[in-house]
Amino acid sequence: MNRIANIALPLLVAALLLGFWEWKVAHDAIPVYVLPAPSAIARALGENFSTLMESLGTTLLVTLLAFLSASIAALLLAILFSESRAAERIFYPYAVMLQVTPVVAIAPFILLWMGYDRVTAAETLIAAIVAFFPVLSNATLGLRSADFNLIDLMRLYGASRWQILWRVRLPTALPYLLSGMKTAGGLALIGSVVAEFVAGSGAATGLAWRIIEATNRLEIATAFAALALLVTIGLLIFYALSAVEYLLLRRWHESAITRVL
Amino acid sequence: MILSLSDVSRRFPNGTQALSGLGFAIAEGSFVSLLGPSGCGKSTALRLIAGLLEPDGGTIRWNGAKPELGFVFQEPTLMPWATALANVRLPLELKNLPRAEADARAQAALARVGLDGFAQAYPRELSGGMKMRVSIARALAAQPKVLLMDEPFAALDEPARAALNDDLLRLWREDGMTVIFVTHSVAESAYLSRRVLVMTPRPGRIAADIALPEGPRDRLSPQFLESQRVIADAMHRPASPARAERAGGGGVSERASAKETEGE
Chain L
379 MNRIANIALP LLVAALLLGF WEWKVAHDAI PVYVLPAPSA IARALGENFS TLMESLGTTL
439 LVTLLAFLSA SIAALLLAIL FSESRAAERI FYPYAVMLQV TPVVAIAPFI LLWMGYDRVT
499 AAETLIAAIV AFFPVLSNAT LGLRSADFNL IDLMRLYGAS RWQILWRVRL PTALPYLLSG
559 MKTAGGLALI GSVVAEFVAG SGAATGLAWR IIEATNRLEI ATAFAALALL VTIGLLIFYA
619 LSAVEYLLLR RWHESAITRV L
Chain B
-19 MILSLSDVSR RFPNGTQALS GLGFAIAEGS FVSLLGPSGC GKSTALRLIA GLLEPDGGTI
41 RWNGAKPELG FVFQEPTLMP WATALANVRL PLELKNLPRA EADARAQAAL ARVGLDGFAQ
101 AYPRELSGGM KMRVSIARAL AAQPKVLLMD EPFAALDEPA RAALNDDLLR LWREDGMTVI
161 FVTHSVAESA YLSRRVLVMT PRPGRIAADI ALPEGPRDRL SPQFLESQRV IADAMHRPAS
221 PARAERAGGG GVSERASAKE TEGE
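Chains L and B, in that order, are what the protein sequence lines are.
Per this note's numbering, the very first residue in the first sequence carries number 379; after that it's consecutive.
Per this note's numbering, the very first residue in the second sequence carries number -19; after that it's consecutive.
Okay, chain L solo, but in the shape it has when bound (with noise of 0.2 Å):
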């Protein structure tokens, strides 16, 4: 019943919504070139289906390489960082002026040196700074956060730095490294959206492209239809995420445990 209601209630929603928004169209004759019928977006999205799926490949892959690369540099990083007072000290200090350089003021120097025959690889790069930050501090708490007397008792069995970095520091990590995770894939979306608008004509061809090209010859309705698929993106990575949360954390921690009372 609960389960039912917690997918159906958000529908009724949408649907709600988007009949106000057809009828309100349709009601004041609002021109499509200023706001399409939810109609005319989901027909603008058939009539360039192949051309808007192409972009969305290329959306979703330059988005989820920036995502996974982001985490697995950032997890790295903070290992070290749990490891090595110093190194944090060192480090940190960039890491942070890397999260508050706005990214759309150093995109087109890295287009610039990445070549713009690598676009993709540099709309990655670029994706990827934004999506870093989040994890890095999220996954370095975690992992500091360790119960100090369970390495202790790791290290009156003779465990290594390694054993106790795999058994002890990481699971403690994780719940805390998936919610840094979870706000990287949205910034990853949002990371490789800013990329395609620096890149520009020719260079782009992802959703964000298509968005400023449609937006251009003034198809409204077309910029609306890929405007809906980079939401749809950003909702399945965030409810994937989500779910591999819910996966690993449900036996043992209180975040993903339903109380009833």
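One or more hints might be untrue.
Simulated coverage check for chain B against chain L, where a stretch passes if three residues somewhere in it have a Cβ under 8 Å from a Cβ of chain L [what the hints assert, rightly or not]:
id	region
1	22 to 33
2	66 to 80
3	97 to 107
4	153 to 167
To list a few chain L residues with every Cβ distance to chain B over 10 Å, as calculated [unchecked claim]:
id	residue
5	Ala383
6	Val410
7	Gly435
8	Leu439
9	Leu446
10	Tyr470
11	Val478
12	Val482
13	Arg533
14	Leu543
15	Tyr624
It is worth saying that the hints were derived from the structure and are not from the lab.
Here the structure is a predicted model, which means the values were calculated and not measured.
Even for Gly, the Cβ is constructed at its ideal location relative to N, Cα and C.
Model the placement of chain B on the given structure of chain L, informed by the hints.
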């Protein structure tokens, strides 16, 4: 003597002298309590014995090679992501025992602490007392010669604590290991141990070395009350060089009535 400390000193991280001139020897197979108020450095002493800390001065000497140690903390200190069985298996896995043998020994250790049916339970599904039992099973699974316990029952409710006290005595008798038990409870030290080392704070050192009668304990006997009185006296006496004493020396056989013991 399985272990002897002489003139051991150690500072807290904040610079305060935690221990100074600490010295005592522990006989093999004995059950010794290290009793003192919080902040007297008794946990520090236990960590020094375990080798988790190094002394600033003095020596800690084992008779022969350092024996297999077990350590039980005040908190159960379990891995929340692992089942009770996997938690107990941890020291065995770290010793590279084959999985099947480690499983069998972990199962046996759980059975010995009365957690037969809970091998697959996660720590969050267990009560405080049961978690502590898992923690004790983990220490026992590695078959330690010396078991170090740092106020293991301080956070438990009274019934759980009493049950664990009795089970601990049973396990000690069965295995014949040496137990060094840190506590701030006079009654607990009198009930569990055959010898109580009373520590005074700032800096921590032994203020009194009290031998208690052998044999089973009866919480209602006058002898037990007498033991507690001697220990409490030693604890509250102003710091002075260590004194050896003997409590309830005679075999007091008269049972005290329940009413009399309520004064304690």
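Task: Assertion that leucine 446(L) lies outside the chain B interface [Cβ separation over 10 Å] - done: Non-interface label stands for leucine 446(L): nearest chain B Cβ at 23 Å, farther than 10 Å.
Open item on the list: A cut-off of 10 Å on Cβ-Cβ distance, and alanine 383(L) was said to be off the interface with chain B. Does that hold?
Closed with: 27 Å, holds
Task: Status of valine 482(L), Cβ more than 10 Å from any chain B Cβ - done: 40 Å, holds
Open item on the list: How does the region 153 to 167 of chain B fare against chain L when you require at least three residues with a CB closer than 8 Å, holds or violated?
Closed with: violated (count 0)
Task: Claimed clearance of chain B by arginine 533(L), with the beta carbon kept past 10 Å - done: Its Cβ does come within 10 Å of chain B, the nearest being 7 Å, so this is violated.
Task: Coverage claim, chain L over the region 22 to 33 of chain B, checked by counting residues with Cβ within 8 Å (three needed) - done: It holds, with 4 qualifying residues against the three required.
TODO: Please confirm whether glycine 435(L) is truly not at the interface, meaning its C-beta sits more than 10 Å away from all C-beta atoms of chain B.
DONE: 37 Å, holds
Open item on the list: Tell me whether the statement that chain L covers the region 97 to 107 of chain B is true, taking a Cβ distance below 8 Å and needing three residues at minimum.
Closed with: holds (count 3)
Open item on the list: Minimum C-beta separation from leucine 439(L) to chain B exceeding 10 Å: can you confirm that?
Closed with: Fine: 33 Å to the nearest Cβ keeps leucine 439(L) off the interface.
Task: 10 Å Cβ clearance of tyrosine 470(L) from chain B - done: 23 Å, holds
- [ ] Against chain B, does valine 478(L) hold up as non-interface, every C-beta pair farther apart than 10 Å?
- [x] 34 Å, holds
Task: Beyond 10 Å from every chain B Cβ - status for leucine 543(L) - done: 14 Å, holds
Hint compliance for this structure: hints 4 and 13 are not met, and every other hint is.
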